[in-house]
Amino acid sequence: MTLNMWMPLFALMTSLMASLVIFVLPEQGYRLRTAVNLGAALVKLGIVAVMVWGVFHGVDYGLSFTMLPGVEFVLKADALSMMFAGLSAVLWFLTTIYAVGYLEDSPNRSRFFGFFSLCVASTMGIALAGNLFTFFLFYEMLTLATYPLVVHRGTEQALRAGRAYVIYTLTGGAVLLLAIAWLQGLVGDLPFREGGHFGDADPALHGSLILIFVLLIAGLGVKAAIFPLHGWLPQAMVAPAPVSALLHAVAVVKAGAFGIVRVVYDIYGIEASAMLGLLEPLAWLAAFTILYGSARALSQVDLKRRLAFSTVSQVSYIILGICLFGPVGATGGLVHLLHQGIMKITLFFCAGNYAETLGIHRIDEMDGAGRRMPGTSLAFTVGAFGMIGAPPLAGFITKWTMGTGALASNMDWVIGVLVLSSLLNAAYFLPILHRLWFREPRGSWPHERQWGRLETSAWLFWPPMLTAAMTVLVGVLASLPFSPLSWAELVVLRAYSS
Amino acid sequence: MTLWLMAGLLFTPLAWAVLTLLTDFSRGRLVSWAGILVQVLVSLGLWLAVARDGGFYYGLGGWDAPLGIELRVDGLAVTFVLLTAVVAGACGLHAGAYIDPDKPWHRYFWPLFWFLWSGLNAVWLGGDLFNLYVGLELISLSAVGLVALGGQAGALRASLRYLLAALLGSLAYLLGVALIYGQFGTLSIAGVATWLSDHPVPSGSGMALALMIAGLALKTALFPLHRWLPPAHGIAKSPVSALLSALVVKASFYIAARLWLELGQPIGSLAAAQLIGLLGSAAVVWGSWLACRQQRLKQVVAYSSVAQIGYLFLLFPLTFSVSETVSLQAQQGMTLQVISHALAKAAMFLAAGNLILSVGSNRVDALAGVSRFLPFSLFSFGLAGVSLMSLPPSGGFAAKWLLLQASLGSGQWWWVLVLLAGGLLSAAYIFRIYRASFLESSGTDQFFHPSRSLEVIPLILAMLALGLGLASDQVLTVMALPFEGEGAP
Amino acid sequence: MMAFESFLLLLAVCVPLLYPIMALAGGSDKVMRHALPLLPIPALIFVLVAQPGGQLELPWLLNGGLWGMDELRRLFLLLTAVLWTVAGVFAVGYLKVHHLRRFCVFWGLTLAGNLGLTVAVDIASFYSFFALMTFAGYGLVVHEGTEEANRAGRVYLAMAVVGEMAILAGLLLASAAADSQMLSDIPAAIAESPQRDLMIALLIVGFGVKAGLPLLHFWLPMAHPVAPTPASAVLSGAMIKAGLLGWLVTLPFGDISLPVWGTLMVVAGAVASLGAAALGVCQQRPKTVLAYSSISQMGLMVLMVGAALADPQRAPVLLPVIALYTLHHGLAKGSLFLSAGLLLPSARMHRALMWLLVALPGLSLAGLPFTSGALAKLAMKEALAEDKLEFALAGYLSPLMTAGAVATLLLVLRYLWTLTAKLETGRNPPMLLAGWLAASSMSLLAFWWMPWNVEGLVKAPVWLPALYQVWALIWPMLVAVGIAGLTVRVTRSVKQR
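Protein chains in written order, with the numbering used here: chain A, 35 to 532; chain B, 77 to 565; chain C, 11 to 507.
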């Protein structure tokens, strides 16, 4: 049916059009802009929901045309892309609500929301890209769309962060481009295909394939913040809270991780990657990043910076998961793509709430904030426990599945990494929780503002509550159909059966 | 039908040049707008005709070669004609609103503009060396005149310098043409190529080719012969700078490229090809570096042209002694680069002009906080920047992709490094502008919004540059078999 | 499981979880305070009406949930429900206004965890509730907010997290080896796995943190005294038993003989029961003494766990005894802890009665005839009888138990001694008194109607020991009294000089 063909494009266009419309709206058009924002987000949510349903039942959504000689522009929806698209659609909606409240009365809102939607459109494109070339198109678009958000405040610090961001990501993009072009020259245009393409690659190509793989990972690793390419991420936390939330949970960091998943599964194929000996080193690198990020997070005094290093650590779980050669481990890695998003966005929302409502930025200012802002603090607590991997929250499902997968593929050392990282996570999250709930407030808050009937503005209050509830639900209800875990199992089933 | 189109294409610019010579600026503007309309329609018609029926040779005035002037109307040529129509038309419209009609010397803008246009068309369609020379001279002289329209002493100095370079280039070229004629007895490029395919290469013909290419390189401002370009482009009126950067330098490059593709294989050498490539690379690096260091907005854009032109010269090594596919990829890449740079750079200069008009200063740091006012021009500037940084989905990216493929395919991996580094360096100077515009400073409350028509034109051009990447395949299909043609029929 | 029972079970675990929601929704402090004893009521009803063996499948939960109750869990669940109820009653009278709501939230969460882990049969929900109890318990420990409480909380949390991780790793390995998500499949899989020792070590250490195994016990004497009294009661009475339950449901009892692990556990148990007593009698504060007493008592249970590990044939006999001992100790210790929060009445008769009721559960711990302690001690003695146990250390167990009994009474006496110094005169709030009285009566009276099982070990009537047994129970107590008297005299004379 032709409608199915156009569905991916519709999904993409909702955000893109929203972005363009917002750019031309006047700065003062608060209501109209909010309506456009939320309307587009809702429409997209609907489209994605339809597509999720369709993909589950085997409907083929695809659109392609030739862009350059021998190069196709392909949009396609498979189980994996719907995973990312779904995450992006849901969290975009919530983040938009949050951002509307967060940016109330601040300047440059048109600019902000325009680029914000553009950023989400890129994410959608990344999710729905059907080959490496198309993926790269949106990957770079994401870089550009995010820059204005990172530097949004226009302070010296923000501009410095933006500069670091651009230097890292554009260089990564260049390396990625080289790798993709090389691969293209070597074997032609490769669509993403479950099971990959190099199961029976010519042994003469092995050397080049390994080198290309390294380049691909290096290029994608910048956004995925793999050690030692993570330097931009902690700096970028100067961005406004909704941006950090989106950056860490859905957009940039996840784009990198998602790309790595695509490369390993749908380009090389998991068997071929293992055969070429590529997974083991990558797994070690990911494991090191997990521990490194956590260890660095320990010593941070700025809340958002601590969260940023925590992201460095958490995203590598995804990569570690897919490097575990086996369906269960892969499920663990993939499901974390969603779980980490939900949990981290909760934490950043909360960090934003503390900053906006009480003026809290540093951890030692958080004493007793739980009494003043119980809802936010509850959400933060849930998110933090999720990150630690405490059951029955989302993080636990990840760790359990990954641990089981590691054992199934005889990589027992991964258990050690998981345990150690959980310990470190506990070491840097639990003191915060203690401060929140059990310390007495220090008198006055750094910069308090009264904001409506709730503990903070309702726009800011509900998104973290919802994501916290989701953190609990995706863990507790992990066995239901269409839960992240079940969906990840579906993805893996399709990847391994072909 | 095509007869009429050709006639329209060739004679309108000349007719309008004469016509506008007789009027003052404001009336010339009205007249020119009508002319622009005609030109754009005619170019479009021609393009469509060629896209449908394929290319043809057109003897001017019914005389065929070798006696008469023969025009080569193939896909590539008409594409460039159309490009010229779009860019020049946009610049003309912009100039009409941008240039102050009250300065008396501004009335010469329109005649010079039309002469330039006719020269460009002559170059795109020209088939023999001497005709090309005439077109080239027409372009150079009117371009110099346009630069001089700036009026101040600086503009005059820059235009004199430009004139000198242009004349020197023409001289070298002419010398080469003379040598070629002496050796082969024909001025038609195709004729020379045919002759060479039957006979051994006469000694000394390398010299002729080298002279011609050196002269053209000077006119194209290839490193290290680029010194004249930034002052001229930087100081001219924005629409003029746009014309110059987008089209004028491309004309000389176009001739050089055609010479190389027809005669390079028999006459040229590997060393020469690599040397030119090396100079191009140096231009990329050096131009970008200097662009990063400029304090004035238009100078940044002008140095960026130096860098972008460097890419074009990678055509020489990438088409010498390589397989058919690689050569094709390189040519396609180069064509896309020419088109996308023309669109993007024109957009950028026009947008820069608007920005300068808005903030009242031509310095980069005067842009602090401008993004708060969400000027369209900044947006257009940014979009054009995307193409210059060769990020997807712009035409610049498509070009870079093809060039990367060509470099990898031919095993000349060092150009890969140049391409990637060039992209990053251009990002450095473009993000410098973005950065400046995002800086929140307290002072900027004064902001002048230029009229919508001024803002829309660069936006359209930038959008075209950006969208080119998505439509590259279609564009390349029309330009099928670029740079190739049989000898005279 | 019938629909009604299933519903009751769900209710039992979920009702305490209402508290956080109530707190967020702005429920009144008064309601929350007075509802504290009501939270475990569904669990209590469930354990009274439901028959063991029923199971409730919750396929949507985590990796597929399965809750249920067998004989073993029944006793643990009963203990948990009873103790939390009486402690809840006590808390109504005890709590001050200070951070009341926060306390109630953590109380509810900890309770939910404690109840849930007792009925969970699948690994994921068991571990979830275990973690919930551990982390929420932190809120109870540091509630007072003093410097000391914070320090204790830090130690508690650090050790608890390490324990959690050991459990996680152990369960992961075991679950992978069993290729199952059910606890019931784990022991057999561990028994056959090549990584058996690693898994056992992880599980023993992980649950050992909670159960106060020597060297993993540091948090216990720090945390119990600083927590509010009703919280200490449930910590010591019910929550540390969760560690024990963890061992009982995961370790491979009855499948293979593990003499090395058995020996290790027995040694650990002996060190705990005697070492803790030695440390405990030196303490000044009543609740600290009680905490050491808990470690010491847990040591005796560890002893039995060790024996059960070593001798698979005897394990089926030992497990019900361990459960019985748990029940007895939990009720008695709960009552003792609550008594630390009392005020002395001024009337002489009341005062004497009160001292009697305070002392009786303590003496019960030491094995006073006609108390639950006597039954537990006798059953334990029978179960560990040298001639029926195939274990190298079997001969040492009986003297160890006797020494343990002496140590127990010494600690109890020390507790009463420190309590005399601390108790102030005043009027007890009625609910506080009611809670304590309920706890004591549970330990002294209601115990006899509870569904424990000592068939074949102690002759009926179980509450009336035979004469020779009475002597066996009494003489260690006399020794202890003698030592205590001697000590008092010596210290007095030293002080006089």
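In short, the hints are calculated from the structure, not lab data. Each hint should be verified, as a subset may be incorrect.
To give a feel for the contact side, a few chain C residues facing chain A, derived at Cβ under 10 Å [unchecked claim]: (1) Leu71; (2) His153; (3) Ala159; (4) Met175; (5) Trp481; (6) Ile493; (7) Thr497.
Where chain A lies over chain C, by a calculated footprint (3+ residues, C-beta under 8 Å) [what the hints assert, rightly or not]: (8) 30-36; (9) 92-106; (10) 177-184.
All residues carry an ideal CB built from backbone N, CA and C; glycine is no exception.
Comparing the hints with the structure gives:
The closest approach between the C-beta of Leu71 (chain C) and any C-beta of chain A is roughly 6 Å, which is under the 10 Å cut-off, so the hint is satisfied. Interface hint status for His153 (chain C): upheld, as the beta-carbon distance to the closest one in chain A is roughly 8 Å, under 10 Å. With 10 Å as the threshold, the beta carbon of Ala159 (chain C) comes within range of chain A, its nearest partner Cβ sitting at about 9 Å, so the hint holds. Because the beta carbon of Met175 (chain C) sits about 5 Å from the nearest beta carbon in chain A, less than 10 Å, this interface hint is met.
Taking 10 Å as the C-beta contact cut-off toward chain A, the hint placing Trp481 (chain C) at the interface is violated, the least distance being around 51 Å. Here the hint on Ile493 (chain C) is broken, as its CB sits about 42 Å from the closest CB of chain A, past 10 Å. Hint status for Thr497 (chain C) relative to chain A: violated, with the closest Cβ pair at about 40 Å, above 10 Å. Counting residues of the stretch 30-36 of chain C whose CB falls under 8 Å from any CB of chain A gives 3; the rule of at least 3 is met.
Remark: the stretch 92-106 of chain C is not confirmed as covered by chain A, as 0 of its residues place a Cβ nearer than 8 Å to a Cβ of that chain, below the required three. Coverage of the stretch 177-184 of chain C by chain A holds in this model, with 4 residues showing a Cβ closer than 8 Å to a Cβ of that chain against a need of three.
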